[in-house]
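Chemist: Below, each chain spelled out in residue letters.
Protein chains: 6
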Amino acid sequence: MGEIMLRLSTPGNSRFIQSDCFDVNYGGGEANVAVSLQNYGNEAYFVSKVPENEIGQAAINSLRRFGVHTEYMVRGGSRLGIYYLETGSSLRPSKVIYDRAHSSISEAKLEDFDFEAIFRDADWFHWSGITPALSDNAAECVRRACIAAKKAGVVISCDLNYRKKLWTPEKAQSVMRPLMQYVDVCIGNEEDAEMCLGYHPDADINAGQTDAEGYKQVFINGVKEWGFKYIVSTLRESYNASINGWKALIYDGKEFYVSRHYDLKPIVDRVGGGDSFSAGLIHGMANGKPMEWSLEFAVAASALKHTIPGDFNMVSVSEVESLMNGSGNGRVER
Amino acid sequence: MGEIMLRLSTPGNSRFIQSDCFDVNYGGGEANVAVSLQNYGNEAYFVSKVPENEIGQAAINSLRRFGVHTEYMVRGGSRLGIYYLETGSSLRPSKVIYDRAHSSISEAKLEDFDFEAIFRDADWFHWSGITPALSDNAAECVRRACIAAKKAGVVISCDLNYRKKLWTPEKAQSVMRPLMQYVDVCIGNEEDAEMCLGYHPDADINAGQTDAEGYKQVFINGVKEWGFKYIVSTLRESYNASINGWKALIYDGKEFYVSRHYDLKPIVDRVGGGDSFSAGLIHGMANGKPMEWSLEFAVAASALKHTIPGDFNMVSVSEVESLMNGSGNGRVER
Amino acid sequence: MGEIMLRLSTPGNSRFIQSDCFDVNYGGGEANVAVSLQNYGNEAYFVSKVPENEIGQAAINSLRRFGVHTEYMVRGGSRLGIYYLETGSSLRPSKVIYDRAHSSISEAKLEDFDFEAIFRDADWFHWSGITPALSDNAAECVRRACIAAKKAGVVISCDLNYRKKLWTPEKAQSVMRPLMQYVDVCIGNEEDAEMCLGYHPDADINAGQTDAEGYKQVFINGVKEWGFKYIVSTLRESYNASINGWKALIYDGKEFYVSRHYDLKPIVDRVGGGDSFSAGLIHGMANGKPMEWSLEFAVAASALKHTIPGDFNMVSVSEVESLMNGSGNGRVER
Amino acid sequence: MGEIMLRLSTPGNSRFIQSDCFDVNYGGGEANVAVSLQNYGNEAYFVSKVPENEIGQAAINSLRRFGVHTEYMVRGGSRLGIYYLETGSSLRPSKVIYDRAHSSISEAKLEDFDFEAIFRDADWFHWSGITPALSDNAAECVRRACIAAKKAGVVISCDLNYRKKLWTPEKAQSVMRPLMQYVDVCIGNEEDAEMCLGYHPDADINAGQTDAEGYKQVFINGVKEWGFKYIVSTLRESYNASINGWKALIYDGKEFYVSRHYDLKPIVDRVGGGDSFSAGLIHGMANGKPMEWSLEFAVAASALKHTIPGDFNMVSVSEVESLMNGSGNGRVER
Amino acid sequence: MGEIMLRLSTPGNSRFIQSDCFDVNYGGGEANVAVSLQNYGNEAYFVSKVPENEIGQAAINSLRRFGVHTEYMVRGGSRLGIYYLETGSSLRPSKVIYDRAHSSISEAKLEDFDFEAIFRDADWFHWSGITPALSDNAAECVRRACIAAKKAGVVISCDLNYRKKLWTPEKAQSVMRPLMQYVDVCIGNEEDAEMCLGYHPDADINAGQTDAEGYKQVFINGVKEWGFKYIVSTLRESYNASINGWKALIYDGKEFYVSRHYDLKPIVDRVGGGDSFSAGLIHGMANGKPMEWSLEFAVAASALKHTIPGDFNMVSVSEVESLMNGSGNGRVER
Amino acid sequence: MGEIMLRLSTPGNSRFIQSDCFDVNYGGGEANVAVSLQNYGNEAYFVSKVPENEIGQAAINSLRRFGVHTEYMVRGGSRLGIYYLETGSSLRPSKVIYDRAHSSISEAKLEDFDFEAIFRDADWFHWSGITPALSDNAAECVRRACIAAKKAGVVISCDLNYRKKLWTPEKAQSVMRPLMQYVDVCIGNEEDAEMCLGYHPDADINAGQTDAEGYKQVFINGVKEWGFKYIVSTLRESYNASINGWKALIYDGKEFYVSRHYDLKPIVDRVGGGDSFSAGLIHGMANGKPMEWSLEFAVAASALKHTIPGDFNMVSVSEVESLMNGSGNGRVER
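First to last, the sequence lines map onto chains A, B, C, D, E and F. Heads up: the first sequence begins at 209 in my numbering, then just goes up one per residue. Heads up: the second sequence begins at 209 in my numbering, then just goes up one per residue. Heads up: the third sequence begins at 209 in my numbering, then just goes up one per residue. Heads up: the fourth sequence begins at 209 in my numbering, then just goes up one per residue. Heads up: the fifth sequence begins at 209 in my numbering, then just goes up one per residue. Heads up: the sixth sequence begins at 209 in my numbering, then just goes up one per residue.
Honestly, the hints are just simulated from the structure, not real lab data. Remember, predicted model here, so these are calculated numbers, not experimental data. It cannot be assumed that every hint is accurate.
Stated by the list, open to error - Within a straight-line C-alpha distance of at most 27 Å, the following computed DSS-like cross-link-like pairs (lysine-lysine) qualify: (1) 358(C) <-> 373(C); (2) 462(E) <-> 497(E); (3) 379(A) <-> 358(A); (4) 317(B) <-> 424(B); (5) 359(E) <-> 373(E); (6) 462(B) <-> 424(B); (7) 373(C) <-> 317(C); (8) 303(C) <-> 432(C); (9) 462(B) <-> 497(B); (10) 373(F) <-> 317(C); (11) 455(A) <-> 359(A); (12) 303(C) <-> 437(D); (13) 373(D) <-> 379(E); (14) 303(E) <-> 303(A); (15) 317(D) <-> 373(E); (16) 358(E) <-> 303(E); (17) 497(A) <-> 455(A); (18) 455(A) <-> 303(F); (19) 358(E) <-> 455(E); (20) 358(C) <-> 455(C); (21) 303(D) <-> 455(B); (22) 317(A) <-> 358(A); (23) 317(A) <-> 424(B); (24) 372(E) <-> 359(E); (25) 497(B) <-> 359(B); (26) 303(F) <-> 358(F); (27) 373(F) <-> 303(F); (28) 379(E) <-> 303(E); (29) 455(C) <-> 303(B); (30) 373(A) <-> 317(B); (31) 373(C) <-> 317(F); (32) 303(A) <-> 359(A); (33) 462(D) <-> 437(D).
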């Protein structure tokens, strides 16, 4: 459940003010997760509301194209949210301009969704902190969805995904903290934990360095306070906009496990990197794999996402496993 | 004064749901007029409000590129309005999806504009019926602008430009009729006159046929009721989305004059066709030409517009005059 | 049931030997019908076989994108068929180069398809003469499908669709004539009837003129010989590659009905024009409309198809009805 | 022999001032003729001079790509000539901006070419009035080439091809008239005859009407004065920039022959239309065909050229013959 | 004051001989500086001469688009200079082919410019060594401009910018050395100093290594000989065409200051890198900032330029300051 | 002699399933070698068979464009082979899908080629292990070509070029080993030697590390067993799909020589890298250069190939020599 947006991105590395065409993609945190899960052979349903025009239809088509089920999509409301994206390079960061206020999903009402039906045969419910940030309406929808999911015995995962252009830390914490009681698997990087939950990792993020050690206390506290079954974080080392290091950390209340480390060098498109990680993790866990395997799958999947333009991670299970088990040396497959 | 929007159009004749890039242009009724006037060697100022981000800046740059003065542009508000455009062909009409609610200009306040300064050295003020249709705020801004312009001795022209996706005929008439008292030159096609002013031309529009005769009584009434110095209408014969006939009619309270007729065959881009007509007319009149010359210039200019992609009419005075005086036989200039 | 191919077309009007990129679409007679039917709100299933690689997957995705059900698609075999397309203009005809030999569907075996399951809840089965032309295997699959469909009480329609690059008239007649006993609705233009069934319309096709009268005797004979419930033909007047006239004729054994006539001027992409006609007809008939309404819907739908790039007809019911009931004058919808 | 230029054209129908990319082609009157001849199976040699850089190399490669022999191309000088092209539509004519001064060929010297070697095994020498218009140097090269060709018993054809941006009628006549004594086949439209030779056809060109009758006296005079074996003209009826009529007239000193008439509707790219006509004529005559066949081949070939983007006419003999002998009804070849 | 050219660059990393379109930009040393200064909120005027056609107009529009004042642009002369650009990668250097001889500015005359008017309210005059290299005319124009600027009390900066394809070291020194007396701020890298002024830095440039130490004596001599207020150089470490190091050195006659060092990894477009540095420096100095701040701003601004396609540096003051003060770690701004 | 294929590659780094256009190139091992050799000033002939349609013609044109002689190309058969290419980045390898079965060359017959004529004035014959892998027919053609070449005193080089998607190691060895007796210069990397000849280098390839030492015994054995005059291998260190190290090793039966090492950072297109190496080596040897020079030329040439999109290596001798002799520091050439 979440928002799917029209993504308008400048071609190559051109800036907004020099572009006379925009590449069109559709995406959003939860939609990206749904596409990944479907690509891995799971049956994924995306739940949202889009306007009753061709732009809304194109968003639905972008999901159907990859097999995501769209029976629970509601049509109506005034517009599809937009985000403009300019892809940075080396010393220039990528830039996002949000134009998502008044979107159909942000103005959706509780009556739009029949959560009982939605969760009837479901195994897993994933949502991110972006959805409740959209509006009070949306936050209430998420809360009710969580209650319905819990009642139906569905596992719940949440990617905290703090967006400073959508809300303040105070507002975020007032909404997110009460929702944590429903969450089984909590995913969030350093900034998310601080802004949404009020925790401070010791890692020095802006220096582009991340040390798994700094997260451990945060994780222990999270499990203690809300009873998460798992708490997970990616650990991104930002050398510059084109070159990053990438690994992840998971904690199940007993053991910590740090994944293999990957050099992302160069990065093609890092938007959706976190979502592809969440999807990889869910794929592993929902299919009964151990947390170590799930984490390695998630990290490898999201490392591959950084090489693919667009929000969606278009990789197969065999491609992810090949990276997990191999050297990533990039020899041509022919 | 008016709105400038981001225009996102599908390339060639592709449909919204099959496009994975959008061509980016900026335009809007009054902005289009300003660019034309500047192209003809007049000094044009565009007055509006755009958001303080790169999308707003790109809109300003699109005007500056053609020399339009942007000193009175205000920055702020939440977003730049968007219109999506799909260009039709033969039996399939072009389609516009508006996503312009909550734009910076529609939420602009009276304080944003210093009309006294704006009109101090101005000769002509042009606005269209789209601007008051945006919001009550915008309508009030237009009213005040008219008052200030009148006070400064500035000629006022209005293109009625009815848009059924923005307001109802009732609302339109309640706003537009009171504004007519300020108007010296009233421009409007058959539908506009009916929807904005409550007049019915006798022409049968949907049959794709237009007969200048049917307009004459409407024109006489208009001049009588509001004292327009001139009332003008284009007469479009729509054979299909690619082939139109084009001419115009003017009345100065005494004489009617019907322009030469042009075959638009094929049409490249008809959006902005009416604006290029208004600009041609203003160019003639503001430079002291007789109404016959002005009308012929306006019709030829707008006939050329139909051959140019984008909202703006990028033609020179000499190109328009060459068509006015020549045969339009399209021999290569080399 | 049929073949879906990779369509590689040169951009704009460029020729094969001057192109350094190809536009990628996926399409084929029956796939095109399925997409149209799904667009009109019916539940369409496409049955075929594609190779187990990304090109095959992309073909499936192109169908899923528009909601077509792909559960009965089989994966395997050696390759996806290709057709190269160069779009002509005025005096230069469009050109198709087939590279479809050895495609997965042409080498499919009977065991690949469980026709009993496929037709269990089906209402309508549509196939075209292209499929049996692919190979003897494919022809046998079609025959078995017809038998299974008949047994399940499913209505069968066939678009004769003769392709001279695939087989000779002799071969075509030896395969197609025995299949006609299963057909309820027979669709075919002048050339098809002659090549596939051995009938000669009196119309002079190469002169670019078609007269409905010339078809009547052929239709009467068809109904008499095979008991078709309906026999239908489009009537294309080819002025040149860019300008055509378009109408159709239907006969139900009692009455003839000739549809409204449309000018296709200019044509954007005529590939898939016949398929969009078949889909429109099936939509009407399968939803219980009279043959006159069905034919008018089919002709209007296919007239619109000529304005849309690609094989698929991406129009909605309301757009088709708007053309059926309106004037096609192409005014911008805004 | 002649100039090959870099052609920079705006995509689609966009104007120079709105384009941020240019399509790159290479072409020029005589180069276009050489490519056509090679396409028809003749062995064509192009003789010119291009700068010793990648732009010059690309021009050579564009010829080699179609098999034209480039052994006599000289490298050196300062630059490759450029022409900027903006393709018009309906009422807006196409526009050419020349930037060809100081090109390598215009500054070529007599020593650059060994005409004796060039014409040793040649059958035909074609040049156009553009080459002597480039510079006095170039004019002298043409004169010497004519003398050498005559000495080698080679047939000489000349396309008068007057370009008002290159020289005045006075200059043109002072150069061209003395060269006419070498010419066996003289090709020129109405304007060329007047500007280069001082003859006035009676046809009213600007009215977009051309009547073969008006040319007859000009042709008779031409043959009388210079002893042309054949004098030929295309007859273009310019309805607008997108729609033309097209036919041609030939005279062998005894008989006049008027070709079939073609509607060019719509035109894709008319640059190179005259050159494709010359090449078709030469193909017929050099292969011993009668003047009627040669003229029909030339007119059909150049009618097809109007459907092909770029300067070069990329059609085969069988495609031209198919149009000559058929109806041009534009049915898809599949 | 300087030349603005049409830049024709191959898309991506393709070579000249494989490109069938060119990206169109306009740029040139001084024009690039003007755009940067305007972007930073200064009022910049660009002075040059362009031909009176659409290509010249497009060059002017490219400046107006970013707000640069073009009132002093002169129209006339024969052509706009062109440079062809092929962007290299790793071991293949970028390649420039100049086609700028006979450009309007290189043939401009003294009478074209009213330097007294131009400098009346000016604060700063910037020129580069490219302009006097164009022609003796242009060199004389620069000399007169310097005299007029000095008389008007305007600060003068000069970027030495040696171009070996335009002149020899001997010619360069004979022209440039006499002009140095007018210069307040002298900007030049290692090669420039040697070629234009006859100084030899000790740095080993071709080894791709640059050491600030090697420049110090050159700087001291420069200040001594010509009384520069500041002498500045960028220090580029070329690892390969895609990866460079970047920093700068300034000397005010008393102190040396070396800026922070940046890794440019990867480079998107390095053309205009030096100009963006000059503009950053002028921005700081003209706004009264200390030389240290000015140098850091200049280096950060030009480091960002390397990430932006085209000649112009489209960055804002806040973006430059964010890099100056931050880590350049490239996190997405959202 | 070999196969030339249509290469359909996704633009940029997009995946097959997200592409709606394919870049069109033509290439193949031996064709790539021929183009390189022609670029270096040698006269290269390419011998193959392509279908008699426009796709086959375009393949021939792609060779003619670069001057390769195509007199011995045979036309006929059913299709041009295709390979689909998706360019990887960092951790995602490039992917090739072959669709080359039933191509004209794979079904060519001995009678198609007159090897005696082909080798009459030839100096060198190059083939690769891909050709005999296509079919038994093709393998027999290669064998006969080798015999004819030997008879004509022509030097023979072979690039082993093992392709696991075309044949198994067993089949490869059964075909390739008997052909080795004709080979003078054997080229192959680590995998080729193992798969085609049954030799095992000691280098650990998958670890992305290659050590020249590990090859020496393989080379000594090769020379001993088949009497190669030279045996050569490139040594690629694959860090990831975007970053490689590159050098090569040669052995003439007496001495080993290891070339300079290059960092390929980043790689633009590595397809054709091996072919460009072979061509560089042949260029050196066929022009009488020592093996050290030839190897350095080959390595530098192929290092440059990695910066050029498409299969062909479009570099000149002077560009290669400039890299061989210089530092590759990538300064702009202007």
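Chemist: Run through the hints listed earlier and report the numbers of any the structure violates, in increasing order.
Modeler: 1, 4, 5, 8, 11, 12, 13, 14, 16, 19, 20, 23, 24, 26 and 32
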